[in-house]
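Peer 1: Sequence:
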Amino acid sequence: EKSIFLDRFLHHPKDFRKVASFLRYKTTKDCIEFYYNSKKSVPYKHALKEFLLRKKRRGDVVSWDATIQSCLAMGAIINAGSSPEKPLKFVLPEHDYTYHTRHFHPMRLE
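This note's numbering numbers the first residue of the sequence shown as 1 and each following residue consecutively.
Hints were generated in silico from the structure; no laboratory data involved. Only a predicted model underlies this, so the values are computations on that prediction, with no experimental measurement involved. One should not assume that every hint holds.
Claimed, not checked - Computed spacing ranges between beta-carbons, pair by pair:
| hint | residue 1 | residue 2 | range |
| --- | --- | --- | --- |
| 1 | I78 | K56 | 18 to 24 Å |
| 2 | H11 | V91 | 28 to 34 Å |
| 3 | T28 | P87 | 21 to 27 Å |
| 4 | R17 | N79 | 30 to 36 Å |
| 5 | R54 | S21 | 23 to 29 Å |
As the list claims (entries may be wrong) - No farther apart than 27 Å at their CA atoms in a straight line, the calculated lysine-lysine pairs in the DSSO-like style are these:
| hint | residue 1 | residue 2 |
| --- | --- | --- |
| 6 | K45 | K18 |
| 7 | K40 | K29 |
| 8 | K39 | K89 |
| 9 | K56 | K2 |
| 10 | K2 | K40 |
| 11 | K56 | K29 |
| 12 | K29 | K18 |
| 13 | K45 | K14 |
| 14 | K2 | K39 |
| 15 | K86 | K29 |
| 16 | K45 | K56 |
| 17 | K89 | K29 |
| 18 | K56 | K89 |
| 19 | K29 | K45 |
| 20 | K26 | K56 |
Just so you know, even glycine gets a beta-carbon here, dropped at the ideal spot from N, CA and C.
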């Protein structure tokens, strides 16, 4: 759920009602509470900046530092990719694949 929260937060920044709609057992209030309790340890703003830069500038090289830190804080496992076009591979813990949320996990760069 943490990884799904991060992915949906990057797509819908601070729209906690929309983020909560992707989490089966969490309410908007739960998402707001989680965000404010974890924002000291997870660099949401920097990860969001990187996400938006990657979205805008397809060919430019954009840092992955804050994104990697955020993903690690959420429990994701990050491995080296297979090529320069696919530099990183994000893998979620096995126990995080549930029926309802399996399609909403953060993108995997393979």
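Peer 1: At the C-beta level, are R54 and S21 separated by a distance inside 23 to 29 Å?
Peer 2: 24 Å, holds
Peer 1: Is the straight-line distance between the alpha-carbon of K29 and that of K45 27 Å or less?
Peer 2: The hint holds at about 20 Å.
Peer 1: Is it true that the CA of K56 sits at most 27 Å from the CA of K2?
Peer 2: 25 Å, holds
Peer 1: Can the restraint linking K26 and K56 be considered satisfied, given a maximum Cα separation of 27 Å?
Peer 2: 31 Å, violated
Peer 1: Return holds or violated for the Cβ distance of I78 and K56 against the range 18 to 24 Å.
Peer 2: Hint holds: Cβ distance 23 Å, inside 18 to 24 Å.
Peer 1: Is K40 within 27 Å of K29, Cα to Cα?
Peer 2: 18 Å, holds
Peer 1: Please verify whether K29 and K18 have alpha carbons no more than 27 Å apart.
Peer 2: At roughly 12 Å apart (the allowed maximum being 27 Å), K18 and K29 satisfy the hint.
Peer 1: Would you mind confirming whether the straight-line C-alpha gap from K56 to K29 stays at or under 27 Å?
Peer 2: 31 Å, violated
Peer 1: Run the distance test for K39 versus K89: straight-line Cα separation, threshold 27 Å.
Peer 2: 24 Å, holds
Peer 1: Would the hint linking K86 and K29 be met if the CA-CA limit is 27 Å?
Peer 2: 36 Å, violated
Peer 1: Would the pair K2 and K40 pass a check requiring their Cα atoms to be no farther apart than 27 Å?
Peer 2: Status holds; Cα separation ~15 Å.
Peer 1: Within a Cα-Cα threshold of 27 Å, do K56 and K89 meet the stated pairing?
Peer 2: With Cα atoms ~21 Å apart, K56 and K89 stay inside 27 Å; holds.
Of the numbered hints listed earlier, those contradicted by the structure are 2, 3, 11, 15, 17, 20.
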